[in-house]
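Asker: Sequence:
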Amino acid sequence: MNTKQIIAGLAILAAAGSALADAPYPPETPFVSAKSRADVQAELVQAQKDGSLTVARNQYPVVAAVGQPETRADVVSQLDKAEPSVYSGN
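Take 1 as the starting number for the sequence shown in this note's numbering and just add one per residue.
By construction, these hints were calculated from the structure, which means they are not laboratory data.
Here the structure is a predicted model, which means the values were calculated and not measured.
Errors might be hidden in some of the hints.
Pair by pair, the computed Cβ-Cβ distance ranges are [claimed, not checked]:
| id | residue 1 | residue 2 | range |
| --- | --- | --- | --- |
| 1 | Pro30 | Leu53 | 24 to 32 Å |
| 2 | Ala73 | Pro30 | 52 to 60 Å |
| 3 | Val63 | Glu43 | 17 to 25 Å |
| 4 | Phe31 | Ala64 | 32 to 40 Å |
For each residue, glycine too, the CB sits at the ideal point set by N, CA and C.
Please construct the entire structure, taking both the sequences and the accompanying hints into account.
Answerer: Pasting the structure below:
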């Protein structure tokens with residue numbers, strides 16, 4: 001009797017698993033573009049003229065540094081001024 005219950009349980013479990021295998025996740029939705037091919041090509045040409053698009057495929061755009069980096073002592077003093085009781089460092 002116990003063997004029959006185990007086999008029945010495994011059959012139900014397999015049936016439930018196979019029913020879930022048919023549904024794609026996430027649900028497939030068709031892609032609808034809001035731009036025409038000519039619009040995309042015009043944007044590409046403009047980006048290449050601006051220099052905002054690099055030509056080499058493996059080259060990342062260069063980002064200019066914002067300013068001078070702060071030292072650890074500068075950051076610690078800013079934290080001490082802001083909340084001395086919270087950021088005591090101990």
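Asker: Would you mind marking each hint as holding or not holding in the structure?
Answerer: Verification of the supplied hints:
One distance hint, 24 to 32 Å for the beta-carbon pair Pro30 and Leu53, holds here, with the actual separation near 28 Å. The hinted range of 52 to 60 Å is satisfied by Ala73 and Pro30, whose Cβ atoms lie roughly 57 Å apart. A hinted range of 17 to 25 Å for the beta carbons of Val63 and Glu43 is consistent with their spacing of about 21 Å. Range check, Phe31 to Ala64: about 35 Å between beta-carbon atoms, so the 32 to 40 Å window is met.
Of the numbered hints listed earlier, not one is contradicted by the structure.
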